[in-house]
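2 protein chains.
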Amino acid sequence: MIKVAVDATGGDLGSAPVLAGVRGALKADPDLYVNLYCDKSSHRDASLNSNFSRSLKSRLELHLCSDSVEMDEKPIQALRTKSSSSMALAIQSVKENKNDAILSSGNTAALVGFGLQLLGTIEGVSRPAICTALPSSKGRTWFLDMGANLEPTAEQMLVNARMGASQCRLIDGIQSPRVGVLNVGSEMMKGTRKEQELAAQLIKEPNMNFVGFAEGADLFSGAFDLVVCDGFAGNVALKTAEGVAEFLTDELKTTLSRHWAARFCYLLLRHDLRDMRRRIDPARYNGAALLGLDGLVVKSHGASKTVGFQNALLLTAELVRLGALPYLKGEILS
Amino acid sequence: MIKVAVDATGGDLGSAPVLAGVRGALKADPDLYVNLYCDKSSHRDASLNSNFSRSLKSRLELHLCSDSVEMDEKPIQALRTKSSSSMALAIQSVKENKNDAILSSGNTAALVGFGLQLLGTIEGVSRPAICTALPSSKGRTWFLDMGANLEPTAEQMLVNARMGASQCRLIDGIQSPRVGVLNVGSEMMKGTRKEQELAAQLIKEPNMNFVGFAEGADLFSGAFDLVVCDGFAGNVALKTAEGVAEFLTDELKTTLSRHWAARFCYLLLRHDLRDMRRRIDPARYNGAALLGLDGLVVKSHGASKTVGFQNALLLTAELVRLGALPYLKGEILS
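Residue numbers (our numbering), protein chains in the order written: chain A, 459 to 792; chain B, 459 to 792.
Since the hints were made in silico from the structure, they are not lab data.
Be aware that a few hints might be false.
One copy or two, either will do: identical chains are not told apart, so a pair holds if it fits within one copy or between any two.
Unchecked claim - Taking lysine-lysine and the DSSO-like style, the derived pairs with C-alpha atoms no more than 27 Å apart in a straight line are: (1) K596 - K711; (2) K532 - K662; (3) K711 - K515; (4) K461 - K515; (5) K461 - K596.
Please model the entire structure based on the sequences and the hints provided.
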């Protein structure tokens, strides 16, 4: 049995998509057991009773908490005053081995802060990094950091590259992942001193297949298995990608509803378009591990809907099943 | 008559799209006169003779240069050794008032470097910023810096905000543009000290409609008229957007060629799809001004094709026509 602590409060859309996502994941993965940490005030017993069948409820336990971390709360404030929030208690339960992992779509900085405070980092890592996957024309590209450490040192980014490469080996079975460093150009003299220092270190690193600098477009070109960058640029790139995808999808929708022929085509192609949408949907790859913490912590997108949250929960269970944490520890120390 | 110096060498695709773009722009704008600076070795007289009609040639002058700046050349190296390159001579011609503006698709860092060396900055500006427009669902959003200054100070970014706002007023006629600062979240406590400092200064700035922090997705949401960021994040965001757009366009092409019904729909909708493509095409907004230099310097995308280069050249002529440089000087000093 795989036990996952789910922080049901926080997230931009409230607890409804979380609950629906938990239900979907429990149905899809019979090994999964969910401990749901929920703020008393936001909890509606009714939704839990009506939405979960008796058999699903046997693998679901509700833990009411007296507080929750707000999305716009300063992390330092949250760390001081929200030790009985759903987020803190869910992480604490992993520390106490009551759960194998914790999943939250709440305040990222607070999640990183509580993770550091309650779980600490594994040996060889000073700060965690948020690692996610992006769809590409040839599979997927892993990408870190998405915002755990906005201004890392080159040394911390080197550790991030090691952790990301370990993720590629474990999850995608790529023994020698092609690693790139995000930069303003592919030419080796480009970038700031940080990118230059990191590249020099990656070239010397044993067992590291450093291909060179990657540009923004390379996140989707399939030319790299892993792209490393600081948390600021990573967050900007990810959210820019989501923005473009939404803008283009809206434009396509408008185009396919403009006149009768367009609407006819839309009907004719709706299955193909749905397939395409599924292929490119960021929610498909929702769930980003906070690599480097001494405990499995996964962040779901703040705006994730039911399917997105469900995928993040299934990924969390899969990471437990694969033994992601002991594997990472072994790789970093080797 | 508007005289523009065009650097025909450099660029990722050689001089062919530059020549074709120049021809298109000369046809479209009868006031335009082009001085073409071209590396001897890459120049093929034949293409010039065969592609330009006699009447167009009367508004085109060829200047053969002994050298050119390579795309992967270190800017400091270029500044020392390439003073007779097509790029340097084209910029020099603006300094000497032989041309009203200069357009290049070559090495960005070298263009910034030669611009600083040969033209200097206007009063009140220490470093230039590259400013471009992105399509949004409600018009367009101006965005700077795209990579002229990878690690600006908050003070330099404040000046960039002033210059960008001036661009919105001049070109789009928006008297009080909604200004945002790119960050990892919209909440006011987000980001690094730089974003915090900049926001504090923008709030105090008179005649500045500072709306708050923008996220990557806001570049396309239409919620801002201008988004300010450092050159590293700006370059990453722009290239990420291009990468996603290309990836999605490819996926759509694949979907619309999969079976006979899909191909039939493609035929039926080809005009609508072409319209859509034109609406979202980054080439439509090609041409980014290097604001802050004491001369009009415009950068065309390194990979721009004919239409992209043509648009950049027409934009350059339009900036001359609007008196962009004296307008900017007046705004910065007021």
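Status of each hint after checking the structure:
1. K596 - K711: Result: close both inside a copy and across copies, 26 Å intra and 16 Å inter.
2. K532 - K662: between (39 Å within a copy, 23 Å between copies)
3. K711 - K515: Result: close neither inside a copy nor across copies, 39 Å intra and 45 Å inter.
4. K461 - K515: Classified as within; 14 Å inside a copy, 75 Å across copies.
5. K461 - K596: Result: close neither inside a copy nor across copies, 33 Å intra and 46 Å inter.
Hint violations for this structure: numbers 3 and 5, all remaining hints satisfied.
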